[in-house]
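Undergrad: Next come the chains, spelled out residue by residue.
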Amino acid sequence: MRSTRRRALLALSVPVLVTAVALSGCTSGSSSSSSGSKDLLTLGMTQDINGWDPSNQPSYQNYPGMAIWDTLIRCDKLGKPLPGLATDWKISDDQRTISATLRSGQKFSDGEAADSAAVRATFEYAATQGAGSARYKGLKVDAPDATHVSLTWPAANPLIVLNTCNVAISSPKTISSKDFSKPVGSGPYILDKSHTTQGSVYTFTKNDKYWDSKTYPYKKLVVKVIASDTAALSALKTGQLDGSLITTATVNQAKSSNLKLQTLKSNETTRLLITDHLGKTIPALGNVDVRRAMNMVFDKKAVADKLYLGNAAPAYQIFKPGSDAYIADMKDPYPYDVDKAKALMKSAGFENGFTLTIPVIANTGVDKLLPYVTQQLGLINIKVEQQPLSGPNMYNELLGGKYPVPLWPLGNYGESLQDIYDYVLTGGIWNVSHQDDATIDGLWQKITTTSGSERKQAEQDVNKYITDQAWFVPMAYPDGFFAYSSKITVKPASDYAGLNPLLRDFQ
Amino acid sequence: MLTMSILKKLARAIAVFLVVTFVTFCMMFGNGAGIARGVLGLDAQPSDVQKEVVKLGLDQPLLVQYGKWLLGVVTGNLGQSYFTGQSVNEALASRVPVTLSLVIATLILTLVLSVAIGVTAAIFGGWIDRVVQFFTVLGAAVPAFIIAVGLVFAFAIALPLFPATGYVALSDDPTAWLHSIALPVIALLIGSVASAAAQIRGAVLDVQGRDFVRTLRARGIPEGPLLFRHVLRSASGPGLTVLSLQTIALLGGAVFVEQIFALPGIGQLANTSAQQGDVPIVMGIVLVTIVFVLVVNLLGDLANAALNPKARTR
Chain A
1 MRSTRRRALL ALSVPVLVTA VALSGCTSGS SSSSSGSKDL LTLGMTQDIN GWDPSNQPSY
61 QNYPGMAIWD TLIRCDKLGK PLPGLATDWK ISDDQRTISA TLRSGQKFSD GEAADSAAVR
121 ATFEYAATQG AGSARYKGLK VDAPDATHVS LTWPAANPLI VLNTCNVAIS SPKTISSKDF
181 SKPVGSGPYI LDKSHTTQGS VYTFTKNDKY WDSKTYPYKK LVVKVIASDT AALSALKTGQ
241 LDGSLITTAT VNQAKSSNLK LQTLKSNETT RLLITDHLGK TIPALGNVDV RRAMNMVFDK
301 KAVADKLYLG NAAPAYQIFK PGSDAYIADM KDPYPYDVDK AKALMKSAGF ENGFTLTIPV
361 IANTGVDKLL PYVTQQLGLI NIKVEQQPLS GPNMYNELLG GKYPVPLWPL GNYGESLQDI
421 YDYVLTGGIW NVSHQDDATI DGLWQKITTT SGSERKQAEQ DVNKYITDQA WFVPMAYPDG
481 FFAYSSKITV KPASDYAGLN PLLRDFQ
Chain B
1 MLTMSILKKL ARAIAVFLVV TFVTFCMMFG NGAGIARGVL GLDAQPSDVQ KEVVKLGLDQ
61 PLLVQYGKWL LGVVTGNLGQ SYFTGQSVNE ALASRVPVTL SLVIATLILT LVLSVAIGVT
121 AAIFGGWIDR VVQFFTVLGA AVPAFIIAVG LVFAFAIALP LFPATGYVAL SDDPTAWLHS
181 IALPVIALLI GSVASAAAQI RGAVLDVQGR DFVRTLRARG IPEGPLLFRH VLRSASGPGL
241 TVLSLQTIAL LGGAVFVEQI FALPGIGQLA NTSAQQGDVP IVMGIVLVTI VFVLVVNLLG
301 DLANAALNPK ARTR
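Quick mapping for you: the protein sequence lines, in order, are chains A and B.
Its first residue numbered 1, the first sequence is counted upward by one per residue in this note's numbering.
Its first residue numbered 1, the second sequence is counted upward by one per residue in this note's numbering.
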């Protein structure tokens, strides 16, 4: 019996051994290719692009877009203009027209000239397609010759520089055919389709004929879509990536590894947006003392130190430090004082509080903040109810005005006009209740008709007004992190939204 | 008889396919404005959103949209992604092989290892059985993604033997392909082998205790032929059932493992597409998944019928 068992064991062990040998064979190959030389730059991005339609490109870590397309002008980190396809430009005093002179000899990857006709076709397409088309409604484009072009808006446009530097100049032939299966641009790189798998890996080769090719030293660029924070960190540690955004969840591991970090300061503000200033949905919110009391129950330093584990700074205003609307010497207008907040609620006649429904979308950071927000608002008898949102309609619901006090870490722009446009104006996308306010309308009018220090003062007046009226409950400026290999050099991010280093920052 | 049985199973498979795809379609239906806004961007104007809804055909009745999709299945044109414009066929062609590489490799290794381990434990009993039982419980209890994280740390970062992330196609470089799937497959394999081995051990023990095995042993049939010709054959039914269920579970496990290893399989695509409401891509993935599950079940039934005569009459 014993010998028959031994024979059976021998028979059974054969497949196990075969498997073991097969697996051990796997160890003989080399690991991933090492990158980091001037020949190759490999970057990660945490979400994919939406194909190659130039009118539908993400504004966040869009390395493929930066590689393919040039822009008429570039924006610096404060949203001020720099040369692009245009060598020089002039903005009219009435803030309606930008006239540009283009450099000659630039070509698209399909051989067509990147000239004024292309600029015209691109902006005319932008006026009819994509999310930003409203910004270009009524735009008139004049192209008197191949190297001169002017863009004229129907009314004064304080965002004229941002609205010009955000548009990817595309080939007229591609635009008219609407065949966006492959990208055609005149930017610093050309897509290598044979080494590209959409949604996973994008490979580019350098366009030596690009006017600013010296700013892009790498001969080959590979961009990998890696959605998982853990996977991105593993790829960085093993040299499969040269750089990628990471989050606070992995930043300590990155610090303890042989990786460099660029901290992206103040690129967003965590805030409650109290948009029902007139109290139409929740009457109590129409009382400024209630809104001020809501500000006073949050210990901003504790939020930065405890909730963000020190990877944040306390925020007392919504604007990015250094931007025109930011008031450098502003002290905390609503210091943490629960007793005073209670007294304000009582004097306003809302001592018994009210119920507030706050929408929550998973993995946005809001879910982690909400227990603290619920607890603190509970101190002044404001009962917070969570409303989870998911699926394709979640942003429609979030921005539809049903929930007048969203909690959201919103981006800050180096050009604070964009913040005012998105978060403060009646039509602003994040001013979800869209209620009119004569003071803001007047200040915006002043902004559209002035420039320089006068405009800056008007922007700061907006800041003072919304702070005094407690339209927001700013809590913290969380840090963003870009981790990269010590083999490469990354200049401070020149992105005016400060969300990530741009392709031109990799040296 | 066997042909009739196969035809019945095919008819049942088609019915399952229609029910599952229609239910999925119903769940995705009614999000037209949200999808259009997702395509255009958050700051799209309501009038542009409405135009996009019409352009994508999301304003049409449910049955019309589903009918068009079914027609596409028959003609081999599954449409295009709402968000990237990529054809669904192209997206699936690049993604499905990645997931199938993981699932099929894991399945083959599960078959080999679980039979070996399960039978060894059942035959030898004693300390071998106790060790196997301990590890099968442990292996089944630890989720694949935890194992994946541990494997990356141990064999990609601390000991750089395998790539931490990424996938190489089999057609590009077979060695690199094996290299790229080794850790993900091991991550999936541990739980899969643990579950299957425990079931196979139980099935073999059950068969060994039956009268016909005692009779055969009494007639002097040696242990080897008794095990391979009689015991394993009779125990194959429960084993095959477990393996076909494991295959379906592996598809689910692959979704998480793909994320840890940044593998461009259908898991990552399914997750993003379902969140966005990219109906053509979601339906393409559902189609592939259903066909795969139905084929595996059919093969399981056929294998069972081939090994076990009693199963042919069911």
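Calculated from the structure, these hints are not laboratory results.
Please note: incorrect hints may appear among the correct ones.
Claimed, not checked - Incomplete in silico selection of chain B near chain A, CB under 8 angstroms:
(1) GLY85
(2) SER94
(3) VAL96
As the list claims (entries may be wrong) - With a cut-off of at most 25 angstroms between alpha-carbon atoms, the simulated DMTMM-like pairs for lysine to aspartate or glutamate come out as follows:
(4) LYS368/A x ASP329/A
(5) LYS55/B x ASP48/A
(6) LYS140/A x ASP172/B
(7) LYS140/A x ASP48/B
(8) LYS487/A x ASP461/A
(9) LYS214/A x ASP479/A
(10) LYS342/A x ASP332/A
(11) LYS491/A x ASP479/A
(12) LYS456/A x ASP332/A
(13) LYS178/A x ASP43/B
(14) LYS402/A x GLU454/A
(15) LYS368/A x ASP299/A
(16) LYS383/A x ASP479/A
(17) LYS220/A x ASP59/B
(18) LYS55/B x ASP179/A
(19) LYS137/A x ASP43/B
(20) LYS193/A x ASP172/B
(21) LYS402/A x ASP206/B
(22) LYS182/A x ASP129/B
(23) LYS220/A x ASP48/B
(24) LYS182/A x GLU90/B
(25) LYS402/A x ASP301/B
(26) LYS178/A x ASP173/B
(27) LYS214/A x ASP305/A
(28) LYS464/A x ASP505/A
(29) LYS402/A x GLU90/B
(30) LYS77/A x ASP43/B
(31) LYS80/A x ASP43/B
(32) LYS206/A x ASP229/A
(33) LYS193/A x ASP206/B
(34) LYS193/A x ASP43/B
(35) LYS280/A x GLU90/B
(36) LYS55/B x ASP289/A
(37) LYS487/A x GLU124/A
(38) LYS55/B x ASP142/A
All residues carry an ideal CB built from backbone N, CA and C; glycine is no exception.
Undergrad: Against which earlier hints does the structure fall short, listed by number upward?
TA: Structure breaks hints 3, 4, 6, 8, 9, 14, 16, 17, 21, 22, 23, 25, 26, 27, 28, 29, 32, 33, 34, 35, 36, 37 and 38.
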